[in-house]
Amino acid sequence: MINVDELRQVLDLARDHELTELEIENEGFKIRIRKGGQVIVQQAPVPASAAATPTRVALAAPPAGSAPDPAPAIDVDMELAIVTAPIVGTFYRAPDPNAPAFVQPGDSVKKGQTLCIIEAMKMMNNIESEYEGTLAKVFVEDGQPVQYGERLFAIKRA
Amino acid sequence: MINVDELRQVLDLARDHELTELEIENEGFKIRIRKGGQVIVQQAPVPASAAATPTRVALAAPPAGSAPDPAPAIDVDMELAIVTAPIVGTFYRAPDPNAPAFVQPGDSVKKGQTLCIIEAMKMMNNIESEYEGTLAKVFVEDGQPVQYGERLFAIKRA
Amino acid sequence: MFKKILIANRGEIALRVIYACREMGIKTVAVYSEADENSLHVRFADEDVCIGPPRAAQSYLSVPAVISAAEVTGADAIHPGYGFLSESAYMAEVCEACHIKFIGPDPRVIRLMGDKARARRVMRKAGVPVLPGSEGVVESEEQALKIAKDIGYPVLIKATAGGGGRGMRVATSPAELSQAFRTAQREAEAAFGVKDVYIEKYLESPRHIEFQILGDHHGTVVHLGERECSIQRRHQKLIEESPSPALSEKLRRKMGSVVVDAAKAVQYANAGTFEFLLDQQGKFYFMEVNTRLQVEHGVTEMVTGVDIVKEQIRVAAGERLSFKQSEVTFTGHAMECRINAECPDTFAPSPGTIHVFALPGGPGVRVDTAAHSECLISPYYDSMIAKVMVHGRDRQEAIARMRRTLEMTVIEGIKTNVSLHLKILAEADFVAGRLSTAFMNRFMNATAAGRTLAEAV
Amino acid sequence: MFKKILIANRGEIALRVIYACREMGIKTVAVYSEADENSLHVRFADEDVCIGPPRAAQSYLSVPAVISAAEVTGADAIHPGYGFLSESAYMAEVCEACHIKFIGPDPRVIRLMGDKARARRVMRKAGVPVLPGSEGVVESEEQALKIAKDIGYPVLIKATAGGGGRGMRVATSPAELSQAFRTAQREAEAAFGVKDVYIEKYLESPRHIEFQILGDHHGTVVHLGERECSIQRRHQKLIEESPSPALSEKLRRKMGSVVVDAAKAVQYANAGTFEFLLDQQGKFYFMEVNTRLQVEHGVTEMVTGVDIVKEQIRVAAGERLSFKQSEVTFTGHAMECRINAECPDTFAPSPGTIHVFALPGGPGVRVDTAAHSECLISPYYDSMIAKVMVHGRDRQEAIARMRRTLEMTVIEGIKTNVSLHLKILAEADFVAGRLSTAFMNRFMNATAAGRTLAEAV
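Residue numbers (the working numbering), protein chains in the order written: chain X, 1 to 158; chain F, 1 to 158; chain U, 1 to 457; chain V, 1 to 457.
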């Protein structure tokens, strides 16, 4: 969905910084602006399996510095599948502190293979892969809390 | 000044009513919209002497029925000068109830000629013409209250 | 005192709890569904955790999701607000097991009061008048007919797990009773999963009178007077006020002491509401106890000056109530109108984006809301978007104040029931304080008749 | 009672009067300048009249424009609000001549209190303590030096027509006095057209304490307790509260009775405020009487429950005050922060369009404002855009409530002083109630020093 207020804020920022071109892409949401030409707003397609995390639109205009972090940008064209947390809890990469991680970047991953554990209410919940491919990225550190829908892994699909 | 919200409301209304063309003109303020083409918003020049009455922008979106009344539209190109009330009070077209009106439509008008009286605080204030020309229109009925800036006469300038 | 409270709710009541926590110097954790990511309660809590998708069953009603959120954020207490998990004995038990304080009564009390037939028995034992009716669950149609004959028609059949008017049927004759008994059982099973029903005497045009109580873990229970909530439509309250125009000082004292004694008998701690029906002869009958903060608690706060949410937090932390019964005073008259996002004629919900939202201030006005200009009213949850409360020297001033406040309320982009409230406030019976739970039915019929007449002319 | 009241004002105070009129069933007429055509007071009045161009001198300050608007609309009374024509004896006289009730004291009383030197004399005669100083106007430098020698330095030179700190100078020595005397005369002449000045003893760090009174035309005068308004910057009040942390019950009673006696002595009718300085020894000295509704009247309304604007209207219509002094009660503690459209560091005005405007509710919060999302704050008038008021059980709760309210206030599009208020509310001296009119100077210097230090590091 296009949030008109958000769009306006983006356009204001673009003007304030005298940009002639600006492109923001964030998990299925994409804005491209070219000054002197037209304004193009489009929603890029995302793999149906990945839960799209909505962009937080604060009431406050975001300070220029807090613009969406471009670092972990996911290139949709690369056919990356995103595994998100299905429950709130604590994220563990290994079955116990001394064991090796279930998966490491570069490992090949099978459907149904355990990727991690999320502990919730003292229960250890195995999180299994819905995808086949190669583990491209781990987004969360071992032992960290995760919320619903938070990105855990990116898998380059086979 | 262009009120963007108002414009949006106007555009919404235009869309809701499936208009293909819409023109609103109201004392120096002009909006023209053509669908399929471009949106043109412009502020038409008004004679510097006429006090421009600002358009009321209510918090509420105006109901479709209350769109600016097109009846007394002033064609700026016709060089009409508008005489507005410089004070609040009661408008009289004649010096006393039995006398004829100071001016009638079609009469020629000279600079400094008395056009009407506005009674305020029991004082009779002569309102004189700043223009030379022909009286084109009387906007207010005899004996009616007028507020500041209210249109009284239109004069076709000589 | 708690260091961090997780608020297991959304909307205005989540903000209400944040207000109290901030004033007490307690950190807050907001939980939210994906539909509420841009909500004010998320913005103003110190921390926030997304706990699930928009559907409440998978987010706000999910005990594991809420408890996990409390665990990962290190919250030492959970305030459940109203609705959602606020009357879940299971939730309170899990909290206990996880060493997180549940800000509400003990699970034992929640469970007891949640079973309407059992609560009725316990209350009768504690000296609270209850309507003549069955001793607990009515098993068969024959038994139902016998009881109805004893107490006399009309009778009301109610689900023991009931609420919100579901599983509830009136019968005025034996023939109607057979039909109504089966319907009520069916509805109860569909709505609550339990088909148990019981029977009570049905009152014609009673008033809904409820008493707000507060208890601590040191044996103290106080009441904060009554609220009259007779203006209801399909068991949904629309307008609440305090004091009730129907209660004499003597009756208030009597009901207050009955309520306090009964609460003490079950060792009630935290906030609760005793609901009664009051008949036209001034006799009152116990209906049920709501073991949570009530939507309309603000009305009581205005006349007593007590901050009920702060007291809830204090007593949950083991502190004593900050005042005694003798220190409770009642000043003036307070009234609340619930503003819903709905069509004022058809009552169809009206979700969408609010484009303009402006409410007036001035003396004696309080507005609790999570809405604001350009906010989205989501279709997933309750349609209540604001509680407009006023306080005046007397009922007349309160009504005048409510009228001017609603007249000067601007909400655009969605439909609301503001105009319905203004019509009710103008009704002669309402102005005269002649209220009953039958008011809205009569009002709606009169309005419908008026419309039909107008169309005929 | 009046049928129609014209409100000769704008902004939040015009709305405040509309609230009162609507509650009393009185029609209202809004007047507005061309800059205010889209304002809420125009929207919510029953009638409205444009009275002139944006500049106040040609609209809100124009007696003929306001009176003509009342005449053409048939208003039978005019409420002047505060500022603009509210303390114009001439306006009150013209109203009298036109048989329109001016909702305020008699022109005679307004004129008397408007002449600061004469008011001082009259008050001293009525038994009100005044600061040692000149008997009326000081004509020459020689006379000034003699008086200053008698009462001792430091002394304050003030314009008799003064207000807002203009024409006011402190002198700590004879050398300074000569200079200050001439400067004050020059400033007074420039600001008020009259160069008359008088001399008073100057107090070092006094508190600003004011008493709210109400009088009717039947000889009754009551006081509604005090407000402390010591938090001022350049004589502009920023934060007001009631009660004052500095007043004992005994001192309150004493000052109250002095004020009521003095008001009776001048046959004061309608609302008024007696302003005093209170020194560190608990001695109080009369400063002036404001013969109008005060910006900060809401603080008194919160602790007393009295609707001051309604009482103003009632007594102007010839009715008796609706209560006696013995019925006035003081409950809890109230505080007001004036929210201005200005830069919190430089105090430069910040007019413009407010894009987001959302203020929290909850118990004990009142916000009087004419602002709303997407409204334009015009550069023509006062920069105050909202009055945020809170009421708590005690001062501590009031401060906590004010903090959470301001923390959760969202105003975007313009700069406001909300952050400045939050800093003041966090100051140890403020929290401890150690207030004085010197507070803001010290606070600003400390803040500036902190900034300089931070920049140096």
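Misleading hints may appear alongside valid ones.
[What the hints assert, rightly or not] Listed below are the simulated DSS-like cross-link pairs for lysine-lysine, each with C-alpha atoms no more than 30 Å apart in a straight line:
| no. | chain 1 | residue 1 | chain 2 | residue 2 |
| --- | --- | --- | --- | --- |
| 1 | V | K101 | V | K146 |
| 2 | X | K110 | X | K156 |
| 3 | X | K122 | U | K283 |
| 4 | U | K415 | U | K125 |
| 5 | V | K250 | V | K324 |
| 6 | V | K125 | V | K149 |
| 7 | X | K122 | U | K3 |
| 8 | V | K195 | V | K254 |
| 9 | V | K125 | V | K254 |
| 10 | V | K250 | V | K3 |
| 11 | V | K237 | V | K264 |
| 12 | U | K125 | U | K4 |
| 13 | V | K250 | U | K324 |
| 14 | X | K110 | X | K137 |
| 15 | U | K27 | V | K415 |
| 16 | U | K283 | U | K101 |
| 17 | U | K254 | U | K237 |
| 18 | F | K137 | F | K122 |
| 19 | U | K125 | U | K27 |
| 20 | V | K3 | V | K27 |
| 21 | V | K27 | U | K423 |
| 22 | V | K250 | V | K4 |
| 23 | U | K423 | V | K149 |
| 24 | V | K27 | F | K122 |
| 25 | U | K415 | V | K27 |
| 26 | U | K423 | V | K4 |
| 27 | V | K3 | F | K122 |
| 28 | X | K122 | U | K27 |
| 29 | V | K27 | U | K4 |
| 30 | V | K125 | V | K264 |
| 31 | V | K101 | F | K122 |
| 32 | U | K125 | X | K122 |
| 33 | U | K146 | U | K250 |
| 34 | U | K27 | V | K423 |
| 35 | V | K4 | F | K122 |
| 36 | X | K137 | X | K156 |
| 37 | U | K3 | V | K201 |
| 38 | V | K324 | U | K250 |
If you're looking for bench data, these hints aren't it; they were derived computationally from the structure.
Small disclaimer: the values here were computed from a predicted structure and weren't measured.
Problem - Hinted pair V/K101 and F/K122, Cα distance within 30 Å - result: holds, 17 Å
Practice task
Take a quick look at whether V/K250 and U/K324 sit within 30 Å of each other, Cα to Cα.
Solution key: holds, 28 Å
Handout entry: Distance restraint between V/K324 and U/K250, which requires alpha-carbon spacing of 30 Å or less
Key = holds, 28 Å
Handout entry: Agreement of X/K110 and X/K137 with the hint, judged by alpha carbon distance not exceeding 30 Å
Key = Distance of about 16 Å is within 30 Å: holds.
Problem - Given hint V/K3 paired with V/K250 - CA-CA distance at most 30 Å - result: violated, 43 Å
Handout entry: U/K423 paired with V/K4 [C-alpha distance capped at 30 Å]
Key = Roughly 24 Å separates the two Cα atoms, so the pair holds.
Practice task
Below or equal to 30 Å on CA atoms is what counts here, so check F/K137 against F/K122.
Solution key: With a Cα-Cα distance of about 27 Å, the restraint between F/K137 and F/K122 holds, given a limit of 30 Å.
Practice task
Take the C-alpha atoms of X/K122 and U/K27, compute the straight-line distance between them, and say whether it is at most 30 Å.
Solution key: holds, 24 Å
Handout entry: Holds or violated: V/K4 to F/K122, with C-alpha atoms at most 30 Å apart
Key = Distance of about 20 Å is within 30 Å: holds.
Problem - Satisfaction of hint between X/K156 and X/K137, Cα-Cα up to 30 Å - result: holds, 9 Å
Handout entry: Satisfaction of hint between V/K27 and U/K415, Cα-Cα up to 30 Å
Key = holds, 28 Å
Practice task
Decide if the proposed pair is consistent with the structure: V/K101 and V/K146, CA atoms, cutoff 30 Å inclusive.
Solution key: The given pair, whose Cα atoms are some 46 Å apart, is violated under the 30 Å limit.
The structure shown violates the earlier hints numbered 1, 3, 4, 8, 10, 12, 16, 19, 22, 23, 29, 32, 33 and 37.
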